[in-house]
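Protein sequence lines, in the order shown, are assigned to chains A and B.
Residue numbers for the first sequence follow numbering that gives the first Met the number 0, so the first one is 0 and each next one is one higher.
Residue numbers for the second sequence follow numbering that gives the first Met the number 0, so the first one is 0 and each next one is one higher.
I should point out that these hints are in silico values taken from the structure, not numbers from a laboratory.
Wrong hints could be hidden among the right ones.
Calculated Cβ distances over 12 Å to all of chain B for the following chain A residues [claimed, not checked]:
1. Gly2
2. Asp9
3. Tyr39
4. Leu40
5. Phe46
6. Asp98
7. Thr127
8. Gly132
9. Arg149
10. Glu161
11. Arg165
12. Leu212
Some chain A residues judged to face chain B by a derived CB distance under 8 Å, without partners named [as the list claims (entries may be wrong)]:
13. Asp86
14. Val89
15. Pro103
16. Arg155
17. Trp181
18. Arg184
Since this is a predicted model, take the numbers as computed values, not measurements.
We treat Cβ as the ideally placed atom computed from N, Cα and C, and that holds for glycine.
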Amino acid sequence: MGGRILVVEDDADTADTLVQALRQEAYTVEHTGDGRDALYLASSSSFDGIVMDRMLPGMDGLSVLRALRAARIETPVLVLSALGELDERVAGLRAGGDDYLAKPFAYSELSARLANILRRGGSGEAETKLACGDLEMDLLARRVTRAGRRLELLPREFKLLEHLLRHKDRVVTRTMLLEELWDYRFDPHTGLIDTHMSRLRKKVDDGFERALLHTVRGSGYRISERP
Amino acid sequence: MAVLAGWRWPAMIFAAALLSLATGLVIVDRGGEAAIAKQQANIATAAKDYFVAFAREEGVARLARVLDRRAQLGSPDGFRYAMVDRSGRMLAGADVVSSLDAPDAGWRTVVEPDTRPQRLWRVLAQPLDSTRTLIVAEDLTARDGLRHAVLRGSIVALIITALGAAAGAAALNSLLMGRTRAIAEAAERIAAGDLTARVGGRSDGDAFDKLGLAVDHMLARIEELMTGMRAVTVAVAHDLRSPLTRLNAALQRAAAPEADEATRLAALDRAQGQLEVVLATLNALLEIARAESGVARKMMRRIDVGRLALEMGELFGPAAEDAGQTLEVRVDPAPMLAWSHETLLRQAVGNLLHNAIIHAGPGCAIRLKVMRSDDGLRVVVADTGRGVAAERLGCVPERYGHGAPDREAGSGLGLALAAACAKLHGGRLVLADNAPGLKAVLELSGREGAEPPLARQDAYA
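Using the sequences and the accompanying hints, generate a full structural model.
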């Protein structure tokens, strides 16, 4: 992947784990535990993305975020905060965050979301066709074909497949799908997305030699030609 | 002691009222005195002018006879008339004037000699010619007598009024003490830890009955919250204990030296699953707390509940199919708007659907409906499953752990969240018999800010 990431997190343990894990994914990582330093770093040198905790000494995360956006620094920001506050998420996004993740989180979740917002910056043009290997989706005609054969998808399956295709080759977690497709914050029973996915998989992969939908152990799903 | 303290204020107010009344009386008396003095002076001047004119027309000698006759008739109005010569000797009129030290001309107030108590006269002298002077004298003592009689009467009236007022105040005070005693006693019992204490009062009664009932209402709510809080603590401990115990066991298995790689990974997987249960439980608790504290109110806006229901039906459809059930969503095609906290409402509807899928059993039909009611909307999740025992039907308590219907599989929490959500929307969550099956009705009042927040501060912030 690569890219320069600024980690703003005052808890040393969390920060260490985060920095090490990001470096393993070939990111270049800088770290600070102070809100003012974060504002200075983010405005004086260019990063590809920022992971920012909400509770910081010096200056709180949302204020840093607002200050950055006011200065027209549009670096994608993933906001981290304490567990389980639906409204906090909205507050974080309103302050200019690109995504929001509640602590405690699995690293795989953070990684998937970070990759997602890093990519988001690039393509602004509206696509009309999406594809992965021999799977093609026509967004205007709302038609899906694989190897030239028409696939009959329900609207909910179309929606799901479209989301996966837009994040081709990247991991999309179950919570990301729940949030973005159904605006549903948490599924304490965790089976919902799997039930959708098994239906979609039957239609997309059954009867074809190579599977395109992959389950990524411990984090989510990925659509890709590579296994 | 309490009684004495209770008397202090009324007594002071009473004394102040008396003092101001007395002051008023003095002012009125003084004012009256001045007015009477002016009036009497006018009478004296008028009489003098009349007699002077009479003397000029009829002669001084005839005036002398008139004054004598006047003196014989007596003086009911307190005025005396006389004529004296230069040395002050009586020529005609009332005898008493001869003893007074009259001025040569004009006004003077003089003391009548050899009188006990002193008798005062107001004297007006007017020379008639070179030797004779007309004297008009007013008996001030008579005038004061009148004034004092009025004053005495007023004071007696004032004292009677004051005594009456004191008696009234005492009666009112003891009535107030009697009526507020119940409130004070209830408050003391509450302070001593007895949360069941109540004031009591008739619903058709006076202001005190109404106050008592209002206080009782407040106490009931406080008791409910306090017991709720205790129940929550116990319930949270219960809900967290099992997954934490399983988590601990899984970690121990993973850490065991004899465990092979596959066992270890499986154990870690299991540990992660249990951890997610713990987090989901905590998450739900925090959401319930936020919904109940009313801080979530600021996130509310007008949304289309029909569309929300369709999306939730879409999300849960496959899960219902996997459980061997059918899930049908019925809403009007026209937007069904309500003032709502969308995320929380989605969660609440999701919880109700999840409960139906888990508990209704295979082969049954689940129906999600949004209906218009008198003052808003109703979201109904009905199933044709085995239902619940009759005693669990009715209004779901908003508090988690407060007799929440079903503790297995965490559905107690789910229902509690849905109930808290309904309350935030100014409604209730009601469980009803669907004959067969269960019907959960989530009421949404369409009104903005339907329920005033009970607590402003967020205990979890």
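Comparing the hints with the structure gives:
no.	hint	in the structure
1	Gly2	holds (28 Å)
2	Asp9	holds (19 Å)
3	Tyr39	holds (29 Å)
4	Leu40	holds (29 Å)
5	Phe46	holds (30 Å)
6	Asp98	holds (16 Å)
7	Thr127	holds (24 Å)
8	Gly132	holds (25 Å)
9	Arg149	holds (22 Å)
10	Glu161	holds (14 Å)
11	Arg165	holds (19 Å)
12	Leu212	holds (15 Å)
13	Asp86	holds (5 Å)
14	Val89	holds (6 Å)
15	Pro103	holds (7 Å)
16	Arg155	holds (5 Å)
17	Trp181	holds (5 Å)
18	Arg184	holds (6 Å)
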